[in-house]
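> Using the hints provided, position chains B and C relative to the given structure of chain A.
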Amino acid sequence: MSNPRVTGAIRYAQDVEFDGMLYASILRSPYPHARVLKVDASAVPKSVVVLTLDDIRELGSYGCQIKDQTVLAIERARFVGDPVAAVAAPTKREADEALDLIDVEYEPLPGVFDAVEAVAEGAPLVHEHHAISDNDAAYFGIRPQEGTNICHRFRIRHGNIDEGFEQADVVVEETYRTPSAQHVPMEPHASVARWVDDRLEVWTGTQTPFNLRMDLAGIFSIPESQIRVISPPMGGAFGAKTFVRTEAIAACLARKANRPVKIVLSRYEEWLTLNRHPATIQVKLGAQADGTLVAKRVVCWVDTGAYADCGPGVAQKMGYAAVGPYRIPHVWVDSHCIYTNLPPNGAYRGYGAMQAVWASERTMDLLAAKLGMDPLEIRLKNVLVDGDQFCTGEVMHDVHFIECLHDIAEKIGWAENKQGKGLCVLMKGMQTPSRASIVVEANEDGSYTVYCATAEMGQGAWLSIRKMAAELLGVEVEKVHYPEPDTDIIPYDTRTTSSRSTYMMGRALVEAVRDLKRKGEIGYGECVNTGGLDPDTGQGVASTHWHQGAAAAEVSVDEETGKFQVLKLHAAIYAGHVVNRPGAELQNEGSMIMGLGTTLFEQITFEEGQPTNANLSDYNIPAAGDLPESFTSELLEREGADVHGLGETALPPIPPAIGNALYSLGIHLTDLPLSAEAVLQAIDAREQAKGGRS
Amino acid sequence: MNIHFKLNGTPTEVEAEADEMLLEVLRRELKLRSVRATCGIGICGACTVLVNGELISSCIFLAPLAEGCEITTVEGLGGDHPVQHAFEEEHAFQCGYCTPGMILTTKNFLEENPAPSDEEIKVALGGNLCRCGCYVKIIRAVKRAAREEHVQ
Amino acid sequence: MSRTVPQWLAPNSLEEALTLRAQYGDEATVVAGGTFIGIVMNQKIMQPQTLLSLRNVSELAFIEAGQDEGSPLRIGAMTTHRAVERSSLIRQHWPVLASTFALVASPRVRNQATVGGVLADADYASDPPTLLQALNATVLARSEKGEREIPVEQLITGYYETSLRPDELLVEVRIPRNRERAVYRKFRSRSSEDRPCVAVAAARVDGKLRVVVGAVAEKPQYFPDICALADGETTGNAQMLAAEIGRRYAEAIDPLSDSRGSAEYRKRIIAVEVRRALEEMLS
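Protein chains in written order, with our numbering: chain A, 1 to 694; chain B, 1 to 152; chain C, 1 to 283.
Hints in this document: simulated from the structure, not taken from any laboratory. No incorrect hints appear here.
Footprint (simulated), chain B over chain C, 3 or more residues, beta carbon under 8 Å:
hint	segment
1	4-18
2	36-42
3	48-58
4	106-114
Computed from a prediction, not measured in an experiment: that's the story for all the values here. The beta-carbon is built from N, C-alpha and C at its ideal position, and this holds for glycine as well.
This is chain A alone, in the form it adopts within the complex (with noise of 0.2 Å):
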C-alpha cells in the first residue's frame, strides 16, 4: 500500500471527468488596454458554445476586496490576455481551433506598466471608480483614491516623523524595486463547473472555497447555498489558486451548454492569470549614534495589475512588514496598491512580506555600515522582545527574534568572519480577523471523521490535522479520514492562506474533540482570532500570531562574470511545536528554494504589457543543481509552545540574505532579482567608487 502522490493514483481538479463533458478555451486580449468594439463568433461551428459579452453583461461584476472584475471583459480589456470571449467543445483541441475563428476588434488605447508612472499627473486611469467589495475577504477598511489608479492606500503613523529624524544621529535613504513573479504551481489552474437544476457545482482547485462561493454567488445573483465547492488537492498553488480564477468562465459556459465544462489553463496562461506584486518600496532609517533606531520612513508603491484581487490586503501587509521586527518610536508607513494595465497580481507566498522586507534589511545593513557597526549587533540591539510595543501599538508576546538571530549567526559561522557573509531577521502576520472551524464524527467502525475547509496544496495540511486529531482522540492517524473539501458538507473557514491552517484549524480541533466527547457522536469547534488595522493610521492589532524568522547566507562571487555561488544557506524558524516534523522541513526547505529562485533569476519581463518570457526556458525556477553546497534550515520549539504557521516564513529572508551577504563585498544592489549582469555592474560602480580601474 503506497502514498497516492507515489503511485500516481491522486487526483486533481484536472482530473475529474464527467459523461458528456465539454473542454472550454479562453479567448484573450492581446492589447494591455483597449475599448472591444465589436465580438464575432458566427464563424463558430454550432457543435461549440460560445460566451461572449451578450451572455455576462448582466451578470454581478466580482472581487474579492475591490469589485472590479466582470466574468468577460465588458466593454474594456485592461490587460494582454484579459478574457473577451470564451468556448466549450467536445475536445480540447477543436476549443482552440473554434478561437481562431472569433473576430474581435479592438481599438487600442494607452496603457501604464509600471505603479510609480501609475500615480504621475496624466497617467491613464486603469479603472474610472473603485467600489469596495461586500466578500469577507475585504475584512479591513479599504481606501481606494478616486480619480486616480489608487484602489487601497495604508498609512502607519506612529509618533512624531520629522521630530524622530531630528533625533537621528545619522541617516540612510534607498529605494527599492522587486520585479513581478509566477507561482509557477506544477499543476496548472484547473475547475470542472456544472449544474444540477438550479445548484451550481464546482469542482476546483482552490485555496478559498468559502470566498469563492461567496463572489460567484454574487456573479450569478443565486443564495450561496445554491452553490457547492469542492476542493481536491492541488499540484502547488503558493496563492495563485485563491478567488474567482477559471470557475465563472466554467460555470457560464456549463449553464449555456447544459452540460459540464473542463478548464485547464495552458502553461503560458498562468503568466496572464496571477502574479506576484511587484513594488517600489522607499526607506528613510534614523539611528542615534549607538545603533539606537529611532525614526523609519517608508513609502511603497505595489502593483496591482489590471485588477485589485488581493491587492490592498498585500499592499497593507507590505506596509507594516517593512518596518520590521524593531522597536522604532517613529513610524511613518504609507503604502499604496496601484493599478497599471498589466496581469492581475495577488496572493503570493510571504503575502508582501518579501518585497518589503527585502527593502527593510538591506537598508539595516546600510545603517551599519554607516555607524561602523557589526550587523548582528545592530539587530540584536533593536530587535523586539515580549513586552515590547510594535509600530501598530500593538504590544508584543511569543516573539523570539534573537534566539533565530544567535542560532544563524552561529550556523554562519558570523564571529570567525563576516566576509561575503549577510544576515536576515523577519515578523510577518498572519490573517487577523480569521475564523475557522471545524466538525468531527465518529463513525461506527471506530474511525473518525473531520470536515473542515482547509485545502491541501502540498503543504501537507490535511495530515497534520490528522494527525492533531488523531493525537486527542487517542488513535492512530490512519483511522481519521479527511475528506475532500465540499462547501455543501463543511462549516466555515476563512481561507487556506497566510500560514494559518495548522494553528487556527488545530484550536478548532481542540474545541470540536472536546465537544464531541461531550455528545458522543459529533462534535464543532471554532476558532476566531480577532483585530485588525485602522487604514488611516495603522494603529490596531496586524496579527494575533506572528511567524518569525531569520536567515544567513555566505556567497563567493566571480568578480569577472558577476556569476556567484551561494555557499551556504541557512534559515532559523520558530515554528512553537512542530506537528509532523518532515513536513514542517518540506515547509522550510520548500520556502528557502522558492526564496532562492526569486533571489537569483525569477522575473517577468514585459513589453508594453506583453509578458515576454512566459514559458520555463525563458523564466528559471530552481533546479535541483541550484541548491547551495551548505543548505540547512532550524525549527525553533518551545515547551509548551503553541503551533506556529511554516507555509511561508523562510522565503522572505532569502533575498536580504544573500543581498547583504554580496553587500559585505561592497556589492551593493537594491533591485531583484541579483542577476549576474547586476551584479558585474555593481562591481564596476564599486570600482568606480574606489577610483580603480575595472
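Then chains B and C, alone, in the frame of chain A:
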C-alpha cells in the same frame, strides 16, 4: 491512425492523430493520470515516461514514434518498487505532481549508476523540476533507494 | 468540426526517405528525434500537414571510425545525443564530443534528440553545432540527385536556418581525427538547467587554432583571422594571447539580448570565456 505498443507490459492499441503527443494519448485514451502536462516544452519532467527503458518527455514525443515500443509509466511499477518505498520513507514529495517523473528518473538513473554521489544525483535529476522544493529529501530518497537495491 | 488530419510518412530506408523528400520538399516536415518539432507544435508555432519520420531509417544510426590514423569519426544523423555521450569509441578518441553532448538539456531530451536534428534545427543556443564547427566537422547532405559535403560553418546560415535544400536530408556528420586538446565551455548566467548565455569551443585542428562562440548570435561565431594570432605561438605569451583573442572576439561579435543577458553583458562574458577556454586548452 492506429498505434501499437506495450504499455506497462500489456500490448495496447490506440487511435491517435499523427500530430498528437504521447502524453495526450496516454491521458485521454488510456486514462493514465500519473503522466502530467505542465510546461509543454520538455523541460519540467512531469510528463516523464520510459520508452524502451529510456527516459522520454511524453509531451514532445509524437504518438506515432511510440509504434512498437515498450512504454512504462509509474503505474507499471506496481506501487511496491524500492524507489517508491524510498520516496515514501524519506517524505520526498509535497504536492506530488512531479513525483512520478522523479521516480521514473531515479529508477532509470540507479540502473546505470548504482552508487551515485550527491553531485551526480543533482545532475541526473536536474531536468525534473519540483516547485514545492523537495530536492533535499528527494536526494536522500535516491541514496536510500541506491542502498536498498545494493542490499537486494 | 472537421479538420485535415496530418499525414504521417514513415519510410523504411534512406532511399525511400529521399524519394519522399524529393516529392514533398518543404511541404513535409522532417522528424528526426522529434524534440524540436514537438516543442514548436505544442507552442502552435508550426502546424505541419505532413510529417516525414526518419525513425525507421536504421541505416542512419551509426558511430564509426576507420582503423587508420587519418580516418574521421562518422556519426549517422539519426544517432541520439545519448548514444554519442555513451559511446566508448567517442569517449576514448573525441572525449570533448562525448562530454559536450552530455551537457545538452536533460537525459530525456538526449534520449530523443539526434545529431542530425540538432544541426538541421540550427537553434542558436545549441551546444553541439558550436563544438562541431570548432572541430572542423562537416555534414553530408544527400538527395536523390547526389551528395555534397558541407562544413558546419556553411550549413548554419541564420536563426533556425540552414543551407540544406528542400530535396536534401542531412545523413551524416564527419569529425576529423584530432590528437590535440579541445575544450567546450558553457556559461550559464542563471539556473544550472538554463540554456547558455555564452558558449565557447576551442580546438587545434591541423595545428591551427579554431575558436567558436555560440549562443550569442544567429549562428556560431568564428573569426579565423583573430585565431591566426595564435599561429606559430607555442608557450611564453600564452596568457596574454588568450586575453587578446578574447578581447578581439568580444569586439567582433554583435551579440543578441535575451532572458540570459543583454548584448553588452554578453560582450564582456565573451572576452572572459574565450580567454578561459584558451587558458584551459593551453594548460
